[in-house]
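Asks: Now for the letters of each chain:
Protein chains: 2
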Amino acid sequence: MTEVVIAGIGQTQVGEHWEISLRDLALDAIQAAHKDSGGLKPQALFVGNMLAPNLSGQAHLGALIADYAGLTGIEAVTVEAAGASGGAALRQGYLAVASGMVDAALVVGIEKFTDKIGAMVDEALATTSDSDFEAVQGLNPTAQAALLMRRYMHENNVPADGFAGFALTAHMNGVANKNAMFRKAIKPETYHKADMVSDPINMFDVAPNADGAAALVLTRRDLLPSDYKNPLVKIAGSAASSDTLALHDRKDILYFDTAQISAGKAMKQAGIILDQISFFEYHDAFSIFAALSLEAVGFAIKGKGWKLAAENEISLKGKIPCATMGGMKARGFPGGAAGVYQAVEAVTQLRGQAGANQIANAKFGLIQSLGGPASTAVSHILQRMD
Amino acid sequence: MTEVVIAGIGQTQVGEHWEISLRDLALDAIQAAHKDSGGLKPQALFVGNMLAPNLSGQAHLGALIADYAGLTGIEAVTVEAAGASGGAALRQGYLAVASGMVDAALVVGIEKFTDKIGAMVDEALATTSDSDFEAVQGLNPTAQAALLMRRYMHENNVPADGFAGFALTAHMNGVANKNAMFRKAIKPETYHKADMVSDPINMFDVAPNADGAAALVLTRRDLLPSDYKNPLVKIAGSAASSDTLALHDRKDILYFDTAQISAGKAMKQAGIILDQISFFEYHDAFSIFAALSLEAVGFAIKGKGWKLAAENEISLKGKIPCATMGGMKARGFPGGAAGVYQAVEAVTQLRGQAGANQIANAKFGLIQSLGGPASTAVSHILQRMD
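Chains G and P, in that order, give the protein sequences.
Position 167 of the first sequence, counted from 1, bears residue number 167 in the working numbering, the numbering being contiguous throughout.
Offset between the second sequence (1-based) and the working numbering: plus 386.
These are calculated hints, taken from the structure and not from any lab test.
Heads up, some of the hints might be wrong.
In silico DSS-like pairs for lysine-lysine, Cα to Cα no more than 25 Å straight-line [claimed, not checked]:
1) P/K693 / G/K41
2) G/K302 / G/K268
3) G/K229 / G/K265
4) G/K187 / G/K268
5) G/K35 / G/K234
6) P/K564 / P/K615
7) P/K427 / G/K265
8) G/K116 / P/K502
9) G/K251 / P/K703
10) P/K427 / P/K651
11) P/K637 / P/K620
12) P/K573 / P/K705
13) G/K317 / G/K178
14) G/K304 / G/K251
15) G/K41 / P/K705
16) G/K319 / G/K251
17) G/K251 / G/K187
18) G/K319 / G/K184
19) P/K502 / G/K268
20) G/K41 / P/K651
21) G/K317 / G/K251
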């Protein structure tokens with residue numbers, strides 16, 4: 001199979017972009033990625049988007065964004081898998097280039113939460129749950145995560161502030177990321193005093209919905225411009241897996257099967273073992289998701305994922321650095337763009353361009369994009385080539 | 387590149403399925419395709435859907451349908467490109483198998499219009515137009531098609547009943563299709579007397595929104611079950627192209643660039659010329675779309691596509707048979723499923739299983755799925771192998 005490299009990356013700041021439209025936001029990220037790639041012209045566009053038909057009244061984003069980016073005529077499509085839409089779009093772009101049918105693919109993640117407010121956002125988010133069995137009962141994604149977190153705390157004797165480490169690490173890492181939504185470190189007391197969103201999930205256990213766009217240019221190594229300057233990063237592994245949307249159908253609600261399966265397949269394809277992974281960009285939409293992801297991938301045994309955070313082992317100098325640029329908690333959660341931000345940040349690390357947040361000698365990065373409570377998981381291993 | 391065959395096909399009847407849920411409808415088509423494929427187990431699911439987040443309050447269809455079909459764990463994703471969602475899902479499935487990463491892919495098209503009624507359907511459909519420049523002005527897809535048709539009639543001196551042939555052919559071909567929504571032939575007088583929907587589009591110039599699901603199993607030839615019984619059909623060509631959503635940005639609103647580009651690429655890949663195509667499943671959501679598609683692909687010169695219909699050349703025994711199982715007009719238009727129905731019907735023709743509607747010696751079929759006024763076009767050439 002064809003080797004696929006990530007030639008260009010681009011991102012906008014994550015935040016509340018009331019003043020800029022969906023298509024303009026996407027364009028900013030695309031232009032940055034295009035420039036970063038050395039000017040590669042893509043033949044295909046894969047848009048990762050979660051909720052624009054509801055949030056922005058706009059479907060058919062593929063053609064819309066291709067045209068707005070001056071790429072009229074190329075093939076273009078939207079890829080959706082709830083919160084994993086960004087990772088899923090990356091995978092489709094990867095398959096297109098790997099198939100040999102597409103020389104260069106543009107992957108764009110885009111979401112604009114500020115096109116709607118309050119209950120309308122909740123209603124849109126509820127469409128990602130099982131509408132017939134969960135959403136209809138009022139179980140929105142945050143309430144669903146609260147059920148998981150409560151059960152996890154009960155089964156594993158986790159103290160009230162047991163999850164604080166996830167937020168502390170994320171916000172610490174967000175400080176130096178100029179594209180992060182929040183750039184202020186928080187103290188343990190701040191976590192302790194935080195208001196509840198859906199008990200036991202407090203303000204710091206849930207990532208903020210936000211606007212943002214991120215973009216990647218994928219191609220084959222032999223098609224890179226002759227004057228290509230960036231250290232080269234390739235996609236060494238790519239895999240996805242699905243599970244039930246509704247929790248009641250799971251054998252064990254506290255084990256993210258899809259996170260395990262997809263990460264395992266991606267590592268197998270990359271020919272590496274867990275110890276070789278330099279950092280893990282997990283899907284910390286909720287801190288309980290981060291804990292369960294660490295366990296499913298194998299960085300912690302079942303029930304002990306939270307301890308990695310509590311013992312500072314997910315920090316930049318820890319055993320397995322996570323959320324290295326702030327993660328969803330501090331960088332922000334721009335829905336279908338989140339998985340593409342992970343890739344942009346991982347490439348930044350692997351190129352050695354992560355500045356104050358740089359992981360020394362980063363060679364393999366694992367990024368994992370989840371939809372719902374890991375109803376979808378898409379995992380990629382990115383590798384520095386040298 | 388790997389050769390990809392369509393091993394299994396399945397479809398539900400198209401119509402108003404008030405009594406059956408979205409997931410049940412999908413399951414019916416999947417089970418039929420699974421059986422037809424000789425029991426192949428897919429590793430990936432590509433769901434073509436246009437509007438379920440709005441119509442059915444349900445996004446994240448990939449994981450939902452994979453689970454409901456007993457395929458929990460496989461990778462699954464939704465592909466959206468407005469009315470071309472079905473064709474786009476087929477293309478993603480094709481790329482996945484062609485890449486060598488997926489042995490067997492399940493492609494499912496699904497839409498359930500009856501989950502909403504009246505103005506709510508119009509509102510959902512409007513999300514496929516340019517929300518900032520067209521939908522906001524109240525220009526819905528039918529009104530947009532009416533502008534095209536009026537201009538076309540003016541420029542080409544088309545008489546009032548000039549488009550009747552498209553509806554007459556479609557309804558004639560729908561009679562023998564047990565999965566069609568309408569199975570009654572109509573007379574020229576019926577077309578002539580039909581009420582206007584959006585002048586000059588009358589009731590017979592627009593395909594009925596409807597519920598339906600269709601499914602395909604794609605695989606490599608060497609992975610077919612040893613007792614595989616169906617005449618073999620392969621995907622000989624696959625291509626897609628995009629254009630502006632809004633009409634005001636087009637150089638020529640009466641030429642479907644994307645239909646030309648994608649069909650041309652697909653034919654080039656298949657190594658065939660236009661004359662070798664036995665039938666054309668066009669995207670007749672509106673009769674004006676059918677006329678413009680015939681011209682863009684090259685079956686008629688510009689401004690004369692309507693004459694092929696008027697002169698009965700698109701009938702089963704005509705120069706280029708179209709809508710051979712009733713097309714969107716008579717079989718019905720189940721949104722994101724429409725492009726998958728085209729593939730199911732084309733395979734039926736190429737296998738020689740089309741009964742009363744059989745095209746003699748059909749060897750190559752062109753299917754084309756459009757999103758908006760050809761803002762997206764996805765074309766596939768299917769080929770009988772023998």
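Asks: Which of the numbered hints are not met once you compare them with the structure shown?
Replies: 1, 3, 4, 9, 10, 11, 15, 16, 17, 19, 21
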